[in-house]
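There are 2 protein chains.
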Amino acid sequence: MKRVRTREIHAHLGEHLVMCGWIHAIRSFGGVTFVVLRDGWGTVQVVSEDESIATVPLESVVRIEGTLVRAAKAPDGVELKASLVTVVSIAQPPAIMMGKRTLSAGLPTLLDQAVVLNRHPARRALMRLAAGAMSSFRASLDEQHFTEIQTPKFVESATEGGANVFTVDYFGRPAYLAQSPQFYKQIMVGMFERVYEVGTVFRAEPHDTVRHLSEYVSLDVEMAFIESHETVMSMLQHVLSAMIHRLTQQHASELDLVGATIPAMPGEIPRLHFTEAKGLAWSLTGSDERDEPDLSPAEERSLGAWALKTHGSEFLFVTGYPMVKRPFYTHPEPTRPRYSNSFDLLFRGLELVTGGQRLHRYADYIDALTRAGVAIGPFASYLDAFRHGMPPHGGFAIGLERFIMQVTGQTNIRLATTFPRDLGRLAP
Amino acid sequence: MKRVRTREIHAHLGEHLVMCGWIHAIRSFGGVTFVVLRDGWGTVQVVSEDESIATVPLESVVRIEGTLVRAAKAPDGVELKASLVTVVSIAQPPAIMMGKRTLSAGLPTLLDQAVVLNRHPARRALMRLAAGAMSSFRASLDEQHFTEIQTPKFVESATEGGANVFTVDYFGRPAYLAQSPQFYKQIMVGMFERVYEVGTVFRAEPHDTVRHLSEYVSLDVEMAFIESHETVMSMLQHVLSAMIHRLTQQHASELDLVGATIPAMPGEIPRLHFTEAKGLAWSLTGSDERDEPDLSPAEERSLGAWALKTHGSEFLFVTGYPMVKRPFYTHPEPTRPRYSNSFDLLFRGLELVTGGQRLHRYADYIDALTRAGVAIGPFASYLDAFRHGMPPHGGFAIGLERFIMQVTGQTNIRLATTFPRDLGRLAP
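Residue numbers (my numbering), protein chains in the order written: chain W, 1 to 428; chain Z, 1001 to 1428.
Take the hints with a grain of salt, since some may be wrong.
A few chain W residues that face chain Z, going by a derived Cβ cut-off under 10 Å, partial list only [said to hold, decoys possible]: (1) R3; (2) C20; (3) E59; (4) R101; (5) Q150; (6) Y170; (7) Y184; (8) G190; (9) L272; (10) F386; (11) P392; (12) P420; (13) A427.
Calculated directly from the structure, the hints in this document are not laboratory data. Ideal Cβ positions, reconstructed from N, Cα and C, are used throughout, including at glycine.
Based on the provided sequences and hints, a complete structural model is requested.
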């Protein structure tokens, strides 16, 4: 007998069939037992007159033969009238009730018991949104004739300098884990002009914050023959629009389940130059931090609130960050070389994307490294790309977990991550 | 003036336009200079009467204004008559001539100078084939309602036991790099039933062979409610068929460029049980290795040749490998528990895929670990999944670089990898 999945039930009304899955919830009354059966896609109500099913532990795996019928009171208006229940795997029931719409558990419990609690539909929805985000990210770039790449994770030298890098014992000598595919995506611009990667990056982040992880999924883009960082910002807006459109169109039920409000993408994302942003943040927060060459989390939040109030936009570009706070490969502003052709995109008051134009001439790299007092040797193969001819180029990186965190309104990035890794956590 | 890319030239014949790219080759005669201009997608012949272009070094980046015209003798029948050439970046020319159809360089040179030599159309074709393979792998599984996942790369314990695992300094304590997403893809079968991942895996492979790397891209699949490993083998054949179909349909020019012969997928892939395979290999090679619980590379080659000769198939399933050579989570053959419900897929005489049915009952895991004399503690969170109810399941992993190596007939996996990592190589 053919197995029918929850996603297909409406096409099989009236049929005698088999459904399989986990016992998500059980309640009995008046000699009748109602089971919520969960499979990989959804849930269905099962009704049985055999009371022995009521004693099967929650999360046990079962095979149920029965007839799918209309039932006005059942969720989705369909229920399975069970005629034969077979227990495939007996479970120890989880410590937390899975049957409610939301999981009533604190952060430590949710993380410690993620192996089981991530089976909950609301947790699962977050992961499906992440899958949809990756898929739409790639599709929007494929349409623009980008090539997907996979770059090495073992590297000889730290990308952004020595901080926050993990060291590996590489056959008896030290190697590092790539903090980003930055160097390789730039090198590969020399091959394909337009490249993207969806891959894990590694940051030895020594701070315990709600927005940092020690490994996360980076959605990286790099493109050639740009005019400036403006070309990159346009591409970013195009990609984000596609991602938001896809979530809205294909993941409405997941968004609903986690109570997410999908952002509207404005026709043009409002923008502030760093110098304007600093002055504005001063007036908004009352705290003068104009001497700091970066935006603090508090400044980002206040600027985000300002953009929403003034422009009705949940997105805000801040451009022109001081060169002193950007990595050595950053292209300066042609007319004000203290500032850079770079940007951050704030989304709901949090930095979601960093990007910009890069240097593309070999001599400029030698100058930049020399000025920074950094030895050139460890960058030899990276610099080879520029020695052998590179066009003006730039790119950006979106943090996948931050995107999901902000879209769904999670208060901690760990809640937007299937199995988060941080300073203290290596399991599950 | 709008920039036109090589991929679009046929739609712009007769137009005055701009093309950008790298100087791939130059030759002059009779006062006319012919330039092969390469951009991220292809090449176009440029003809110029201004001889100064002949002195621009190869690989320099240029912007060329001109008119696209039909030219019977030019490749593709089109050439760009240049009226204005602007040099964007002057290059140091590469040590190896890029203008030939194939690169005449040995393996060490190809690897040492990969930053530049991978710009060559024949090298680029390999990477485009890899991108096409990843994309069609995902598309074929999306159609089958799989969910894409991203699993942690930092793990607390080595997946397959202690061998070949890289150790990381994780904030002052040891962590390991995941040798595969095995444990997490199984755990996530408990969430989605059907999952896949495209991601980097790490193997501290102490042998210097033509088919091993220390990091590679693994195309991982895991699925629930299977009958046995046979269900998994059917899914694998479906996925591989889709990948081959996609390469044939959308990557004909790349396959041609690298001289690849795409394999035909037979209606049913021939199969041998391990015991049959051992006996047959003895008769084929004359060397009796039936006491060895695995197939040697020589046996794999001879069996591959046998399948081609006898069945006209470049693919061969070998099933039922001895339990002693398979990891502890392997499901035994129900009737002959010395052997397993597992398989390897040989492609052109090389193991391309490993897969099988896994144990799914908690008690079976405890038995298997105990019998193997392995402490249970480090597997606690993995085992939680089975304690809390798991269905029969199984899966497989395809090595992306091996697939590209075997499809394109490379003699060394390093040649099928953009920037390979091995015992001795961490750069470029």
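Results of checking the hints against the structure:
1. For R3 of chain W, the interface hint holds, since its Cβ comes within 10 Å of a Cβ in chain Z; the closest pair sits about 7 Å apart.
2. At a threshold of 10 Å, the smallest CB-CB gap from C20 of chain W to chain Z is about 5 Å, leaving the interface hint in force.
3. Annotation: E59 of chain W was flagged as interfacial toward chain Z, and the flag holds, the nearest CB pair being 4 Å apart, inside 10 Å.
4. The interface hint given for R101 of chain W is violated, since its Cβ lies 17 Å from the closest Cβ of chain Z, which is over the 10 Å cut-off.
5. Taking 10 Å as the C-beta cut-off, the interface hint given for Q150 of chain W holds, the closest approach to chain Z being about 5 Å.
6. Restraint check, Y170 of chain W versus chain Z: the minimum CB separation of about 7 Å is within 10 Å; hint holds.
7. Because the closest C-beta pair between Y184 of chain W and chain Z is about 7 Å apart, less than 10 Å, the hint holds.
8. A distance limit of 10 Å between C-beta atoms decides the matter here; for G190 of chain W the minimum to chain Z is near 6 Å, and the interface restraint holds.
9. Proximity of L272 of chain W to chain Z is violated relative to the hint, the smallest CB-CB distance being about 30 Å (cut-off 10 Å).
10. Proximity of F386 of chain W to chain Z holds as hinted, the smallest CB-CB distance being about 8 Å (cut-off 10 Å).
11. With 10 Å as the threshold, the beta carbon of P392 of chain W comes within range of chain Z, its nearest partner Cβ sitting at about 7 Å, so the hint holds.
12. Interface restraint check for P420 of chain W: the shortest CB-CB distance to chain Z comes to about 8 Å, inside 10 Å, so the restraint holds.
13. Interface restraint check: A427 of chain W against chain Z, minimum CB-CB distance 5 Å, threshold 10 Å, status holds.
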